[in-house]
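Protein chains in written order, with my numbering: chain S, 10 to 124; chain H, 11 to 125.
It is worth saying that the hints were derived from the structure and are not from the lab.
Every clue listed holds true.
SDA-like, lysine to any residue: derived pairs with alpha carbons at most 25 Å apart: (1) H:Lys76 - H:Ser99; (2) S:Lys111 - H:Glu73; (3) H:Lys30 - H:Gln16; (4) H:Lys51 - S:Val22; (5) S:Lys111 - H:Arg47; (6) S:Lys51 - H:Gln16; (7) H:Lys74 - H:Thr59; (8) S:Lys111 - H:Val72; (9) S:Lys51 - H:Val21; (10) S:Lys51 - H:Cys23; (11) S:Lys111 - H:Lys30; (12) S:Lys111 - H:Ser19; (13) H:Lys51 - S:Ser82; (14) H:Lys74 - S:Glu12; (15) S:Lys111 - H:Phe49; (16) H:Lys51 - S:Pro124; (17) H:Lys51 - S:Phe58; (18) S:Lys51 - H:Ile22; (19) S:Lys51 - H:Ser99; (20) S:Lys111 - H:Gln39; (21) H:Lys51 - S:Leu119; (22) H:Lys51 - S:Met57; (23) H:Lys51 - S:Gly50; (24) S:Lys65 - S:Val122; (25) H:Lys30 - H:Thr85.
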Amino acid sequence: QKEVEQNSGPLSVPEGAIASLNCTYSDRGSQSFFWYRQYSGKSPELIMFIYSNGDKEDGRFTAQLNKASQYVSLLIRDSQPSDSATYLCAVDGSLGGGATNKLIFGTGTLLAVQP
Amino acid sequence: GAVVSQHPSRVICKSGTSVKIECRSLDFQATTMFWYRQFPKQSLMLMATSNEGSKATYEQGVEKDKFLINHASLTLSTLTVTSAHPEDSSFYICRVSGGIYNEQFFGPGTRLTVL
Chain S
10 QKEVEQNSGP
20 LSVPEGAIAS
30 LNCTYSDRGS
40 QSFFWYRQYS
50 GKSPELIMFI
60 YSNGDKEDGR
70 FTAQLNKASQ
80 YVSLLIRDSQ
90 PSDSATYLCA
100 VDGSLGGGAT
110 NKLIFGTGTL
120 LAVQP
Chain H
11 GAVVSQHPSR
21 VICKSGTSVK
31 IECRSLDFQA
41 TTMFWYRQFP
51 KQSLMLMATS
61 NEGSKATYEQ
71 GVEKDKFLIN
81 HASLTLSTLT
91 VTSAHPEDSS
101 FYICRVSGGI
111 YNEQFFGPGT
121 RLTVL
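Same shape as in the complex, but just chain S (with noise of 0.2 Å):
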């Protein structure tokens, strides 16, 4: 059965920090990779999404892949209490990959990030 792990926090950070969070998946044949913030009572929202090995910025955001290492990251530079939140890595279980359908989801990690 595909997989998506994280460790569940929390992840305590002081303002103004990097926030580290990190994803492992189960299934090597994956090949989109995406990051969703998630508040308290509300759904998802898409932060960054990443299909190729390296490094992919995107303002104080960085996601890098490792498909080798089957390891998915989130780089959160200059963390703000707003960032405060519940952070999900997902892995498109879709056969063949390409196109996000499929969705699965890990139990996510609680970000706290103290003022």
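Dock chain H against chain S, hints included.
Relative to the frame of chain S, chain H by itself:
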């Protein structure tokens, strides 16, 4: 503005009743809709994949006769929880997929409480 809507946002019902949840794609034709369920402090669990005009594909362990899905048009999918019980109390979220860029959006979710 919102791209995906869900109705109702919150519902409380008595055990044994049926509840219908609507998911509407507001800005584009959604060829595929996904239904997720999220229990407190847990991740999103995919329940079923709904394609317009065809029968839904249910994930292992999800009872298709209990969770009825109808995707009658490219903008509307409904999830009906039949004979609801307290253990069905959860946060139900739809995700829509479609448009010329294969866009992906989550609905705002429906909080179901079964007494």
